[in-house]
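Novice: Residues per chain are reported as follows:
There are 2 protein chains.
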Amino acid sequence: HFVSIDVNADQEEAIKLFEKYNLVALPVTDSQGHLLGIVTVDDIIDAIREEQTEDFTRFSAIKTKAVDLDLFTRLREIPFRKVFRARVTWLFFLLIMDLMVGGIIQGFQETIAKYVVLVSFLPVLIDTAGNAGSQAATLVIRALALGTVKLKDWAFLLGRELLVAGALGIAMGAGISIMGIVRGKSIAIAQVVVLAMIINVIVGSLIGVLLPFIFTRFKKDPATASTPLITTLADIFGTAIYLGIAYLMLG
Amino acid sequence: HFVSIDVNADQEEAIKLFEKYNLVALPVTDSQGHLLGIVTVDDIIDAIREEQTEDFTRFSAIKTKAVDLDLFTRLREIPFRKVFRARVTWLFFLLIMDLMVGGIIQGFQETIAKYVVLVSFLPVLIDTAGNAGSQAATLVIRALALGTVKLKDWAFLLGRELLVAGALGIAMGAGISIMGIVRGKSIAIAQVVVLAMIINVIVGSLIGVLLPFIFTRFKKDPATASTPLITTLADIFGTAIYLGIAYLMLG
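The listed protein sequences correspond, in order, to chains E and X.
Going left to right, the first sequence walks through residues 1 to 251 as the numbering used here numbers them.
Going left to right, the second sequence walks through residues 1 to 251 as the numbering used here numbers them.
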């Protein structure tokens, strides 16, 4: 028995075989096992680079199908029209999602008008949640791409993230607490800000862990759970959580 | 004459030689050209995967030095303490930077108190700038990593980005204009929001293009220009630009 690959297999599968068995060439067969040709290791190196470019660009909300992948790396040559199209699609979709954040803020307009200082903590609260979420997503996406984590691991990793994000949230809450008192000029404001920070970091991180699994489950590339998408979701949830807490605790 | 590599060369250089000449093995020599050993193609495949993991995690503001790179991909095994340390460093640093945004908002507190509706556009304005910046940075980082773009290309790419980002900014400005009128209930508010959107997308994108070059210039990995770092910078500039325009146009 020797290692071979079916002609219909994904290139990602061929890459994994080369890695596992340290191959320099791999026979390609049809479903009956007849030899159709061979893939050599230099093809595989190109394929690895290509997959990585795809993951990397997709992870930044660039539409990889709009442009030949190879072209993305030859930045000086890529036509204006193509790079515009590759970028505008997600930007626009995220802008529409982001308008929801504005709707949430409008719903709490009375609380904001009473405590204008709350606004000055909004960016740091939603940003930190998005940053923590991006970190979490990156680790999951990379592990899924390399095959070291499978779909069935989602519950374990989600539980673990709850602990890590809880600790990170408390650390970030401590970091912002002094500013909450100094800038908020009240313990009540500081309490709202710290509590919102802890919950936001946890929620952002859980979104970051879950989203790549959800995309994988629905046969999409896990890297579709891009940083900008996670940031935007963290903004929507984070704003609602922050202003909700402020409304409940301050009125 | 045959292809070889100096023993002190970076592994990234070895990867480029393998790609360029489709090698299966590469002799390693000392400075006098004496053969010291050979690198084989399966080592190179591992090296490529490792470099990619490093770029990918670094690009999400995870401190890669805190953990053995290989461990990052075995998520189920990575100890709590290590993953916490790898994530908390940048999160905390970005939190401190983000506090500046709050300071800027406080400086414009009077304008905000007069026009509370301005707050509802803040997240979408700073987010879109950060998203566009992340896209721009990704393309530059990837091209620098593959060697298809050099340090000297920065001015050309910056000029080009000005055009692309200008077009993207106008598209996003058009996208938000209706909401500016509907939600702002005034043409003046809509004008502020649209103008801020166009400038923010341009500024965010230019930061995204420049930062990887700046890190490269100072001998740092271009991927240090992480999405969270770009997002945070876009927030600082974006908030100042938006509220500055509002102050000038609305008073």
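Treat the hints as calculated values from the structure; they're not laboratory data.
The beta carbon of each residue, even a glycine, is placed where N, CA and C say it ideally should be.
Hints may be right or wrong, so weigh each one.
Unchecked claim - Some residues of chain E that are not near chain X, with every Cβ distance over 10 Å (derived):
{"#": "1", "residue": "Phe56"}
{"#": "2", "residue": "Asp127"}
{"#": "3", "residue": "Ala167"}
{"#": "4", "residue": "Phe215"}
{"#": "5", "residue": "Gly244"}
As the list claims (entries may be wrong) - One-sided excerpt, in silico: chain E residues whose CB lies under 10 Å from chain X:
{"#": "6", "residue": "Ser4"}
{"#": "7", "residue": "Asn8"}
{"#": "8", "residue": "Ala9"}
{"#": "9", "residue": "Gln11"}
{"#": "10", "residue": "Thr57"}
{"#": "11", "residue": "Ile104"}
{"#": "12", "residue": "Gln135"}
{"#": "13", "residue": "Arg160"}
{"#": "14", "residue": "Gly175"}
{"#": "15", "residue": "Ile181"}
{"#": "16", "residue": "Arg183"}
{"#": "17", "residue": "Ser186"}
{"#": "18", "residue": "Ala188"}
{"#": "19", "residue": "Gln191"}
{"#": "20", "residue": "Leu206"}
{"#": "21", "residue": "Leu210"}
Novice: Take the hints in turn and mark each one as holding or not.
Specialist: Structure-based check of all given hints:
Residue placement check: E/Phe56 does not keep its beta carbon more than 10 Å from all beta carbons of chain X (closest about 5 Å). Distance check on E/Asp127: its Cβ comes as close as 5 Å (rounded) to a Cβ of chain X, failing to clear the 10 Å threshold; non-interface status is violated. A beta-carbon of chain X is positioned within 10 Å of the beta-carbon of E/Ala167; the least distance is around 6 Å. The non-interface label for E/Phe215 is consistent with chain X: the shortest C-beta to C-beta separation is roughly 16 Å, beyond 10 Å.
Its beta-carbon lying about 16 Å from the closest one in chain X, E/Gly244 satisfies the requirement of being farther than 10 Å from that chain. A distance limit of 10 Å between C-beta atoms decides the matter here; for E/Ser4 the minimum to chain X is near 18 Å, and the interface restraint is violated. Evaluation of the E/Asn8 hint against chain X yields a violated restraint, the C-beta minimum of about 23 Å exceeding 10 Å. With a least beta-carbon distance of about 18 Å to chain X, the hint placing E/Ala9 at the interface is violated under the 10 Å criterion.
Among the interface hints, the one on E/Gln11 is violated; its C-beta lies about 14 Å from the nearest C-beta in chain X, farther than the 10 Å criterion. Nearest Cβ of chain X to the Cβ of E/Thr57: about 6 Å, under the 10 Å cut. The hint holds. The interface hint given for E/Ile104 holds, since its Cβ lies 8 Å from the closest Cβ of chain X, which is under the 10 Å cut-off. Taken as an interface hint, E/Gln135 checks out: its beta carbon lies about 5 Å from the nearest beta carbon of chain X, inside 10 Å.
About 8 Å separates the beta-carbon of E/Arg160 from the nearest beta-carbon of chain X, less than 10 Å, and the hint is met. A distance limit of 10 Å between C-beta atoms decides the matter here; for E/Gly175 the minimum to chain X is near 5 Å, and the interface restraint holds. Contact between E/Ile181 and chain X, as hinted, is not supported at the beta carbon level, the nearest pair being about 13 Å apart and thus beyond 10 Å. The restraint placing E/Arg183 at the interface with chain X holds, with a minimum CB-CB distance near 6 Å, inside the 10 Å limit.
Because the smallest distance between the Cβ of E/Ser186 and any Cβ of chain X comes to about 15 Å, over 10 Å, the interface hint for this residue is violated. Taken as an interface hint, E/Ala188 does not check out: its beta carbon lies about 17 Å from the nearest beta carbon of chain X, beyond 10 Å. Hint status for E/Gln191: violated, given a least beta-carbon distance of 17 Å to chain X, over 10 Å. A distance limit of 10 Å between C-beta atoms decides the matter here; for E/Leu206 the minimum to chain X is near 14 Å, and the interface restraint is violated.
At a threshold of 10 Å, the smallest CB-CB gap from E/Leu210 to chain X is about 14 Å, leaving the interface hint violated.
When the structure is compared with the earlier hints, violations turn up for hints 1, 2, 3, 6, 7, 8, 9, 15, 17, 18, 19, 20 and 21 and for no others.
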